[in-house]
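Chain residues, written in single-letter form:
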Amino acid sequence: MSTYTELKGLKVKYLASDPDPEAAGDVWYNSTTSVLKTFVGRAAWSAGSPLSTARNIGAFFGTQTAAVSVGGNASTFSQQTEEYNGSGWSVGENIPAVRGFSAGGGTLTAGLIFGGHSPNTTTFNTTFEYDGTDWTAGGNINTARFSLAGAGTQTAGLAFGGNPGSKNESEEYNGTAWTEGSNLNDARAYLAGLGIQTAALAVGGKSPAVVAVNESYDGSSWTEVGDLNTARWALGGFGTQTAGMVSGGNITAASALTEEFDGSSWTEGPDLATARWYIGTTGTNTAGLGFGGSVPTPAYSALTEEYNKSFEVFTAGAWASGGNVNTARNYLAGFGIQTAAVGVGGHTGPANSAATEEYDGSSWTNGNNIGTARYSLGGCGTLTAGLAAGGHPGNKSNTEEYDGTNWSEQANDLNTARGEVSLFGIQTAAVAAGGSVSGTVQNATEEYNGSSWTAGENMGTARKSLPAGGAGTLTAGLICGGNTGSNSTATEEYDGTDWTAGGNLLTALSGNVMTSGGTQTAAVQGKTAATTEAYNGTVWSTNPALAAAHGYGGGAGTSTAGLIFAGNPSPKSNATEEFTGTTSAATASTIDFD
Amino acid sequence: MAIFIYGTANNTGKNFFTHEDRRNFFLRGYTGHDGSNYIDTWVIGANEKGALWLADKSGTEKTKAEAQALVKASDDLARTAWDNNNVDGESADEKVARIGSKPGFTTIP
Chain A
701 MSTYTELKGL KVKYLASDPD PEAAGDVWYN STTSVLKTFV GRAAWSAGSP
751 LSTARNIGAF FGTQTAAVSV GGNASTFSQQ TEEYNGSGWS VGENIPAVRG
801 FSAGGGTLTA GLIFGGHSPN TTTFNTTFEY DGTDWTAGGN INTARFSLAG
851 AGTQTAGLAF GGNPGSKNES EEYNGTAWTE GSNLNDARAY LAGLGIQTAA
901 LAVGGKSPAV VAVNESYDGS SWTEVGDLNT ARWALGGFGT QTAGMVSGGN
951 ITAASALTEE FDGSSWTEGP DLATARWYIG TTGTNTAGLG FGGSVPTPAY
1001 SALTEEYNKS FEVFTAGAWA SGGNVNTARN YLAGFGIQTA AVGVGGHTGP
1051 ANSAATEEYD GSSWTNGNNI GTARYSLGGC GTLTAGLAAG GHPGNKSNTE
1101 EYDGTNWSEQ ANDLNTARGE VSLFGIQTAA VAAGGSVSGT VQNATEEYNG
1151 SSWTAGENMG TARKSLPAGG AGTLTAGLIC GGNTGSNSTA TEEYDGTDWT
1201 AGGNLLTALS GNVMTSGGTQ TAAVQGKTAA TTEAYNGTVW STNPALAAAH
1251 GYGGGAGTST AGLIFAGNPS PKSNATEEFT GTTSAATAST IDFD
Chain C
44 MAIFIYGTAN NTGKNFFTHE DRRNFFLRGY TGHDGSNYID TWVIGANEKG
94 ALWLADKSGT EKTKAEAQAL VKASDDLART AWDNNNVDGE SADEKVARIG
144 SKPGFTTIP
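Chains A and C, in that order, are what the protein sequence lines are. For the first sequence, our numbering gives the first residue as 701, with consecutive numbering after it. For the second sequence, our numbering gives the first residue as 44, with consecutive numbering after it.
No lab work stands behind these hints, which were simulated from the structure alone. Just to be clear, a hint being listed does not mean it is correct.
[To be verified] Partner residues are not named here, just some residues of chain C that face chain A (Cβ under 7 angstroms, in silico):
hint: 1; residue: 57
hint: 2; residue: 61
hint: 3; residue: 71
hint: 4; residue: 72
[Said to hold, decoys possible] Chain C side only, calculated, beta carbon under 7 angstroms to chain A, not exhaustive:
hint: 5; residue: 54
hint: 6; residue: 56
hint: 7; residue: 59
hint: 8; residue: 60
hint: 9; residue: 62
hint: 10; residue: 65
hint: 11; residue: 66
hint: 12; residue: 69
hint: 13; residue: 70
hint: 14; residue: 74
hint: 15; residue: 121
hint: 16; residue: 124
Quantities reported herein were computed from a predicted structural model and do not represent experimental measurements. All C-beta atoms, glycine included, are put in the ideal place defined by N, C-alpha and C.
Assemble the whole structure, with the sequences as input and the hints as a guide.
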């Protein structure tokens, strides 16, 4: 029998504990548990944050962490561009005209889409190029078509197949113009395309029969290679010619099947969590992305799934239920961290509340009341060094500090008495911004140094309904949403001196709740049971959804360990939800000789 | 095949639904009212884990129409409360500024 040393030319490492992973296939002997171990790559789809707009028949390109979804049908044909950053989707510039059934290629900063169909009977031959910011017109394809497939890059693209009439034409793009290439052997539409201009695959489709045909392109001609195991149409393709992937599609119904190609044959991979056709796909056979598409009911999907083949196990971010607050209420203030948070004040329906509750990561316990019962107050700081100021009814200016046991009324109140105000920062370096005075929106900013408030620069946009709409510090603060007369998407960033505009929310909101321990470059906010949003310092993107609505509730914690609790206009909620961001962990496998 | 299961179950707080639950099936909570009490009403992804979750929480399965009726009853109460929340001499705009817009109706998926 050969030894490991003879086979590999190496000795197996003898270690007391599992090492930090370097690569899949690393082998060692764990002397503590007396087992031979290795890092084995495992493939799996896991949930990602949904598209901001559910859609099918869109075009797509990019990578798992820099993907683009363009156009498609979102109950009406769309011009919208969405960009995925590995965590969530944000909105990019619209394409010049609505279209669906287009194909795409390239990267987020050098991408293109071509062909497609309008809501009426127009079939397009146009190409649009994307630089990550703007869309510009490119050269027209020679054969106008839709439901075609694409591969390659912005300067070396490939278009093939499509409708009407199940086309076999193949064209190559050089960044300026399309030229005819060799035709597909099997004319078809609704096929998947993947790879590059000189090494592409055309997989599956309809002609009009549903086919399992797979053709390989070498830059000159198409050659039939190993067929799919399961024939289907409107499937997604990603990866390369020798490490190709297809997923989803329609057999006679929505499919969740994934298959991987090694250059000669297909093997079954893990299924999508949600079967669908017209799915958008990008990435590689180790880091792919599937999004949107058609599901039976409702017709348009926003669901995103990430495909990873790694010895690291990826766990998607999600909201889970926490302990219920003792006093159901809304318009309260929240601050602290997920395992040491405070909820204070608010409105119970019949009465203004002075109640204070403390959260330990499992349950809420009643603390001592705040001195002045009120709602729509602002709060910030920590469980043992908290701050509350302002509130309604009657435009409060009261400032109170919390030491983890008692609230103490401060001698120096807000200069502008107001409610619906946002506070962020810490007890000795806090900011109060915006709010309302007898219903009139405010843009006033005040800074607190632990003893008194002084005026800062006014916000650019006066707004109210911000009881939990702020995060960060005095020198790196963040405000988003609120009500300016109508619900707002506006975000502003504070540097201790000036307010500047940040990226707009995807959805205009007031009464939104921020995990108030977030930062100017890593914040999470939400309101309804729909998607929450995450901020990276530049753009807001979609984030996992709350299970229930918490508008006008309290927020605490960070963008990866957040807390949203209570809220709702009527009836008042007592529910708490805890957010845990996406995590990954290397997982070693035991080598079993049985 | 049904996409969702509908049911009622009291949100008991911590671990009523876990991070793993949220990754395993769709879950949305709404406030319903059964004529006597508010009742937590859930829309749950129709897979095995979703169905088991409702059973494990001692939930009561409802039809979509029944679940929608519970949510509408809660919405009706909120709208009535809004209608009855008035201050003498207050204009419509002032009322909205004071207590927000009149709640709408929720349509469950």
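We went through each hint and held it up to the structure:
| no. | hint | result |
| --- | --- | --- |
| 1 | 57 | holds (4 angstroms) |
| 2 | 61 | holds (5 angstroms) |
| 3 | 71 | holds (5 angstroms) |
| 4 | 72 | holds (3 angstroms) |
| 5 | 54 | holds (5 angstroms) |
| 6 | 56 | holds (4 angstroms) |
| 7 | 59 | holds (4 angstroms) |
| 8 | 60 | holds (5 angstroms) |
| 9 | 62 | holds (4 angstroms) |
| 10 | 65 | holds (4 angstroms) |
| 11 | 66 | holds (5 angstroms) |
| 12 | 69 | violated (9 angstroms) |
| 13 | 70 | holds (5 angstroms) |
| 14 | 74 | holds (6 angstroms) |
| 15 | 121 | holds (4 angstroms) |
| 16 | 124 | holds (6 angstroms) |
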